[in-house]
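Start from chain A and add chain B according to the hints.
Protein chains: 2
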Amino acid sequence: MKKIMVTGAAGFVGSNLIDKLLSMGSHVVGIDNLKTGKLVSLEFALRSRNFKFIALDLMTEKSLLVEELKGIDEVYHLSANADVRFGPEDPYRDFNQNTLVTLNLLDAMRIANVNRIFFSSTGSIYGESNVFPTPETVSFPVQTSLYGASKLACEGLIQAFCNTYGMRASIFRFVSVLGPRYSHGHVKDFFDQISLDPRNLKVLGNGFQAKSYVHVNDCVNGMILVSEYQTTPLEIFNIGLDEVCTVRDSVGWIIDEMRAKPIVQYGESDRGWIGDNPIIQLDSSKLRKLGWAPKQTIEESIRATVRYLKDSSS
Amino acid sequence: MKKIMVTGAAGFVGSNLIDKLLSMGSHVVGIDNLKTGKLVSLEFALRSRNFKFIALDLMTEKSLLVEELKGIDEVYHLSANADVRFGPEDPYRDFNQNTLVTLNLLDAMRIANVNRIFFSSTGSIYGESNVFPTPETVSFPVQTSLYGASKLACEGLIQAFCNTYGMRASIFRFVSVLGPRYSHGHVKDFFDQISLDPRNLKVLGNGFQAKSYVHVNDCVNGMILVSEYQTTPLEIFNIGLDEVCTVRDSVGWIIDEMRAKPIVQYGESDRGWIGDNPIIQLDSSKLRKLGWAPKQTIEESIRATVRYLKDSSS
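Protein chains in written order, with the working numbering: chain A, 116 to 429; chain B, 116 to 429.
Extracted from the complex, chain A is given alone in its bound form:
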């Protein structure tokens, strides 16, 4: 039976992945510093004898990490500062929490002789592409956010470790992920605003930004599919639905699901914040060729996310 480490274990995608891996019979070691991750996300996992949780900071506790890595077969590295919007406040935050942490993990894996990594990158590294849907092989992009830059640096490090130390890697470029345990992003922002004042909703940007999303279950299934079929040392996969929705579509579904009728006030810019890309639509045909077929539409995912937020706030 495989022994798998998941970093960012108490986070949104990490905890969903762990539940899935445990249901498949794997042994899982979950790592999290619990700064943004919540132990409640691991309420099912912590009941399993096949799960071990280690509170550990990847930035500062590398030698402890090396010990925990001994005997591990595969690492899913999901720990990150995953919120693109607040990068400008501190240019070191994404760098430390994403890039430096990834280097620490890679080097700990090298020392502990663990050579298989799965990494959650982001469609943000395509910057403002003008090819839609954007394939993995698009023209060398220019970064538009500190978050994207930090993830690009992670990808480069992982690729270099593959070539230098014989590591094997799968890099996943996600669109925004939705579903149970969702923790930040526009659905939560709108949900929080309407919960506080059902009569008013203020939207950053003009609402015509068009983006793709993916349900966390479909996202997790995509990663596990790759873990079963990838035979080459290094592959990069986009994960996202083919469809897009506008922020205005999303607003409609959210207020419908909340039974609210706010006056919606839009901004003027085609971007919600610095580094926001007006269009995100990834070409996931490479993953589809392995048999991936997402089960949830964007509308279903957004509605499911709102229901989760309602349940968890009540």
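Honestly, the hints are just simulated from the structure, not real lab data. Remember, it's a predicted structure, so these values are computed and weren't measured experimentally. Treat the hints with caution; some may be incorrect.
Any copy, or any two copies together, can satisfy a pair, since identical chains are not distinguished.
As the list claims (entries may be wrong) - When the alpha-carbon atoms are kept at most 20 Å apart in a straight line, the in silico EDC-like pairs for lysine to aspartate or glutamate are as follows:
| id | residue 1 | residue 2 |
| --- | --- | --- |
| 1 | LYS401 | ASP188 |
| 2 | LYS317 | GLU383 |
| 3 | LYS153 | GLU414 |
| 4 | LYS185 | GLU358 |
| 5 | LYS177 | GLU204 |
Below, chain B without anything else, positioned relative to chain A:
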């Protein structure tokens, strides 16, 4: 008159750039920690009243750097660990000396309100491209060395700072640079071997690696040309000759210039070391469109480098 900061001032490219900038009448502040850079490289510059040298470590002395940046118009950031070959010995070396140092500089510039940067990146970030000559807009590459990964991370940070804080940047992807004050690379390795034992020369790899080079004067002229003509906030330029030579060509010119007749022993691999790319040939037509026309051929540059090494070792 422009006030220009050059990091890596006592290094190979930095010191040549400074001599050129001073000859054009600019005021220059040179920064170097003198760990690999040599003060002798600044022997002309230090005689100029328009030049100030500051011994400063970009990794650890950021607040001092902020002070020195006040009133600076432009920064040429050339400080780096520039030797791709020894990355595998310490995965943090390229990361700290290239990526972290660049972030420190960018943030110091942001604090000091200096918004124009010129950056020496590398053709190594194209990894093992299969498009030759390789244009700046080639398909999203995969990194093959820790050195390339560290420079890719720098590029991403610079691009993100442009979009986030209104910085303006020129990114130069160099082929290997040759000429006076050359400090490391295959010409020096071969020169040192033959100086020690004129009868034997051992070459890493089979000698059929085909690479482009550029003379440091042509390289410096390319950067200065861009500084005069670029009007957009961010541009990326390859700098390299159209021609390539094989390692075997280079060996012939080096031993001829040294009047030596060693028995040359080649390796078996098509790569000289981990992360070596068998072919490096960049498409510099974007820079040529600005009027750049290199004056030195590869053969002339290699011979000039050998003559410099002879002069400086005697």
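Status of the hints after comparison with the structure:
Within a single copy, LYS401 and ASP188 get their C-alpha atoms no closer than 25 Å, and across copies no closer than 47 Å, so neither meets the 20 Å cut-off. Taking identical chains as interchangeable, the C-alpha atoms of LYS317 and GLU383 lie at most 20 Å apart only when both belong to the same chain, with a minimum of 12 Å there against 65 Å between chains. Proximity of LYS153 to GLU414 under the C-alpha cut-off of 20 Å is found in neither arrangement, the shortest distances being 26 Å within a copy and 63 Å between copies. Taking the closest pair of Cα atoms, LYS185 and GLU358 never come within 20 Å of each other, the shortest separation being 42 Å inside a single copy and 49 Å across copies.
Only between protomers do LYS177 and GLU204 lie at most 20 Å apart by alpha-carbon distance; the minimum there is 18 Å, versus 27 Å within a single protomer.
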